[in-house]
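Visitor: These are the residues of each chain, in order.
There are 2 protein chains.
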Amino acid sequence: MIRLTGIPDIGKPRVVIVGGGFAGLKLARSLANADFQVVLIDKNNYHTFQPLLYQVATSGLNGASIAYPFRKFFEKQENFFFRLSEVEWVDAEQGVLTTTIGAIPYDYLVIATGAETNFFGDELMRKNAIALKSINDAVMLRNTILCNLENALQAQDEEQLNLLMDFVIVGGGPTGVELAGALSELRKHVFPKDYKELNIKQMDINLIQSGDQLLKSMSPEASEKSLRFLTDYGVKVWLNRRVKSYDGQTVTLDSGEELKAQTLIWTAGVVGSPIKGLKEESIIKSNRILVNEYNLVKGYDNIFAIGDVACMLTPEYPEGHPMVAQPALQQGKLLARNLLRILKGEKPDAFKYYDQGSMATIGRNHAVADLKMFNREFKTQGFLAWLIWMFIHLISIISFKNRLIVLLNWISGYFSYDKGIRLILGRKKD
Amino acid sequence: MIRLTGIPDIGKPRVVIVGGGFAGLKLARSLANADFQVVLIDKNNYHTFQPLLYQVATSGLNGASIAYPFRKFFEKQENFFFRLSEVEWVDAEQGVLTTTIGAIPYDYLVIATGAETNFFGDELMRKNAIALKSINDAVMLRNTILCNLENALQAQDEEQLNLLMDFVIVGGGPTGVELAGALSELRKHVFPKDYKELNIKQMDINLIQSGDQLLKSMSPEASEKSLRFLTDYGVKVWLNRRVKSYDGQTVTLDSGEELKAQTLIWTAGVVGSPIKGLKEESIIKSNRILVNEYNLVKGYDNIFAIGDVACMLTPEYPEGHPMVAQPALQQGKLLARNLLRILKGEKPDAFKYYDQGSMATIGRNHAVADLKMFNREFKTQGFLAWLIWMFIHLISIISFKNRLIVLLNWISGYFSYDKGIRLILGRKKD
Numbered sequence: 022m023i024r025l026t027g028i029p030d031i032g033k034p035r036v037v038i039v040g041g042g043f044a045g046l047k048l049a050r051s052l053a054n055a056d057f058q059v060v061l062i063d064k065n066n067y068h069t070f071q072p073l074l075y076q077v078a079t080s081g082l083n084g085a086s087i088a089y090p091f092r093k094f095f096e097k098q099e100n101f102f103f104r105l106s107e108v109e110w111v112d113a114e115q116g117v118l119t120t121t122i123g124a125i126p127y128d129y130l131v132i133a134t135g136a137e138t139n140f141f142g143d144e145l146m147r148k149n150a151i152a153l154k155s156i157n158d159a160v161m162l163r164n165t166i167l168c169n170l171e172n173a174l175q176a177q178d179e180e181q182l183n184l185l186m187d188f189v190i191v192g193g194g195p196t197g198v199e200l201a202g203a204l205s206e207l208r209k210h211v212f213p214k215d216y217k218e219l220n221i222k223q224m225d226i227n228l229i230q231s232g233d234q235l236l237k238s239m240s241p242e243a244s245e246k247s248l249r250f251l252t253d254y255g256v257k258v259w260l261n262r263r264v265k266s267y268d269g270q271t272v273t274l275d276s277g278e279e280l281k282a283q284t285l286i287w288t289a290g291v292v293g294s295p296i297k298g299l300k301e302e303s304i305i306k307s308n309r310i311l312v313n314e315y316n317l318v319k320g321y322d323n324i325f326a327i328g329d330v331a332c333m334l335t336p337e338y339p340e341g342h343p344m345v346a347q348p349a350l351q352q353g354k355l356l357a358r359n360l361l362r363i364l365k366g367e368k369p370d371a372f373k374y375y376d377q378g379s380m381a382t383i384g385r386n387h388a389v390a391d392l393k394m395f396n397r398e399f400k401t402q403g404f405l406a407w408l409i410w411m412f413i414h415l416i417s418i419i420s421f422k423n424r425l426i427v428l429l430n431w432i433s434g435y436f437s438y439d440k441g442i443r444l445i446l447g448r449k450k451d
Numbered sequence: 022m023i024r025l026t027g028i029p030d031i032g033k034p035r036v037v038i039v040g041g042g043f044a045g046l047k048l049a050r051s052l053a054n055a056d057f058q059v060v061l062i063d064k065n066n067y068h069t070f071q072p073l074l075y076q077v078a079t080s081g082l083n084g085a086s087i088a089y090p091f092r093k094f095f096e097k098q099e100n101f102f103f104r105l106s107e108v109e110w111v112d113a114e115q116g117v118l119t120t121t122i123g124a125i126p127y128d129y130l131v132i133a134t135g136a137e138t139n140f141f142g143d144e145l146m147r148k149n150a151i152a153l154k155s156i157n158d159a160v161m162l163r164n165t166i167l168c169n170l171e172n173a174l175q176a177q178d179e180e181q182l183n184l185l186m187d188f189v190i191v192g193g194g195p196t197g198v199e200l201a202g203a204l205s206e207l208r209k210h211v212f213p214k215d216y217k218e219l220n221i222k223q224m225d226i227n228l229i230q231s232g233d234q235l236l237k238s239m240s241p242e243a244s245e246k247s248l249r250f251l252t253d254y255g256v257k258v259w260l261n262r263r264v265k266s267y268d269g270q271t272v273t274l275d276s277g278e279e280l281k282a283q284t285l286i287w288t289a290g291v292v293g294s295p296i297k298g299l300k301e302e303s304i305i306k307s308n309r310i311l312v313n314e315y316n317l318v319k320g321y322d323n324i325f326a327i328g329d330v331a332c333m334l335t336p337e338y339p340e341g342h343p344m345v346a347q348p349a350l351q352q353g354k355l356l357a358r359n360l361l362r363i364l365k366g367e368k369p370d371a372f373k374y375y376d377q378g379s380m381a382t383i384g385r386n387h388a389v390a391d392l393k394m395f396n397r398e399f400k401t402q403g404f405l406a407w408l409i410w411m412f413i414h415l416i417s418i419i420s421f422k423n424r425l426i427v428l429l430n431w432i433s434g435y436f437s438y439d440k441g442i443r444l445i446l447g448r449k450k451d
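Top to bottom, those sequences are chains A and B.
Residues 22 to 451, numbered by the working numbering, are exactly what the first sequence covers, in order.
Residues 22 to 451, numbered by the working numbering, are exactly what the second sequence covers, in order.
It cannot be assumed that every hint is accurate.
The calculated lysine to any residue pairs, modelled on SDA-like cross-linking and capped at a C-alpha distance of 25 angstroms, are [what the hints assert, rightly or not]: (1) K393/A x E340/A; (2) K217/A x K214/B; (3) K422/B x K393/A; (4) K97/A x F436/B; (5) K214/B x K209/A; (6) K222/A x K97/B; (7) K64/A x Q177/B; (8) K64/B x T252/A; (9) K217/A x F436/B; (10) K209/A x N423/B.
Calculated from the structure, these hints are not laboratory results.
Here the structure is a predicted model, which means the values were calculated and not measured.
Produce the complete structure using the sequences and hints provided.
Guide: Structure, rendered in structure tokens:
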């Protein structure tokens, strides 16, 4: 017998949303006044503002200021129910989702489980590398960076010193670039004061990119400038290199070169994170879920997928939309409207992605931005891009208080050249 | 052979301070321009403002806003050296401190290791109870409280529901009283909105106190009013009871009564936390280190103890000074001056404790305060005491930014009746 969870039946069609990232959160919120019961399942009790995780990892921000409790966010939404749990599998025939806390029947299921780090099957890499997908990951990375420097004070020889003080970041996308930039700021402005006994110039920051440019999803101008900014910061950028293996100490590149570092941060790709029980035909390579233009999962008539985990093949995006916040938010919003249309027997609207551009920050006063507004493109690099980056990220954070705290940290950090959350709190990488 | 740590010899007499709490931090800072090398050893890389730990545990504040990195605090102090490590033992004859990272020779050793929770040898209690001495403890307690409520939604019967929703706090000192007050605020203002599916009235908060009054170190007025405030908040205060046993579910009192709760918070006493290797005669019952009026440890001429771990027997304080922040700060400050006098061959000054009073907050608008200023006593309870409590705590926090963030959280919490850091982050009690 299946044990049901205690979610009450409120006599309305039930939409079960798995995952409270950008897509799931937007959908749940957009259904606020709809004639649905909205059930959100997540393994955390809070939403994470992922674009700023790298600042948590580099002591610029506190984890709590980029997290927001779901129950607080939906406090006044009467049709909303939350359960802290993880999905085990879906029984689509019965219309039941099995979770770690029991079974949840649904009328409509929405999979918004996002993406997970792609180690391309390299189990040794999975074990030895640090990924950056959650606040716990970010805090662990912060702890590891700080402990490395503390331990470097006790290093017995040059080899051990280098293992501790050198860092390797794999992947030249936004996360890799932003992390390399923030780490080099720590090296330039913070560590020389904190660790006067060490020669901080010995600290190497290596960024490894498989292609011949950084930020390859952005404009050539953005790619070029980000490379220049990082090189000016003293980051060693290795283009056209792939990591062949990493044993926890030695990084072997496909070019034959070797780097030594005890800490390797892996940002070189993500795959979808679908749930079990779906038909094989609905999962494509890269583990994303194949959906049609209404975000309906192939082979089902009441299971949807939105956000990073969903792959909608269109002429413009033959490999699916980019796995970033904007498509997720737009799909969440549209699906809410479409569910209402379906309820009324109307035909849903097809999804069309409005790309508003993308950006990445490299460090103080330096960012790159490719913006699209009113059908016009606008590219900028440097100080203006950096101001725009800060403004957009600040207004995107949930809650006035968190925005204030982030702003306060940024302002104080800007004028003091400091990153103040240098706390070794909780677990570090084993 | 003993492996030395890499702390350089700067040709000045070396003062090694173990522990960066109030006492150790004050001492290290007060030696800023002195002709000593100051070495601080701590198992954390940050100072913890312990008086506000209970607010971290009850989702009112973030851990980071009451923590401050040592290296940042001493950034400009040229004679300061920090090592993240734990003490193993002291070899007083050789003048060497052995730590987890190697041996550290000293000219003067100062033990400022503070206090630890006293479970009175009850190993079952140590295993099952939650203590509140560190930020990690506080975050774990917050996670546990929130998980209990999440799990209560899935409770199979009334017994399980009560185990999850009821809380037992042992100890009616400031920590127990403040925690009981903050928890009852969560119950009144936050949980009814977060957990509409639960009947929050079922949540019991029990406070167990061995004597016939709460806050027994304070005035009768403070004791009486704190009892009234807590009772008004719906806290069940059990006076004249001791806990006989706790198996993780059932709390058995010496009166024969039984309480059921999966979560028991133990605040019923502390003992000193001395280091190994000291002569037996220098450690007294309650594990504190016996010191003379100069904080010199009995039996040694270059080992001092300050703060909670030090026990100075005086006619006014026949059992030693209270284990709170004020004596620690004053002893740290005086010892800095005395070390300078010793260096000059002058006679040190004897310690005299200036008790400035004490206070405890019970909840919004409610605190009790016994203040001593200019040889006058001033007692107040209620709103004014609460304002004074906030002001004193706010100005005591290190750094302008942390003060601003705490103030921001307090103001936003006051007007919204909310405690916003309801994040289950990291580990909970197993």
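Visitor: Of the numbered hints stated previously, which ones are contradicted by the structure, given in increasing order?
Guide: 2, 3, 5, 8 and 9
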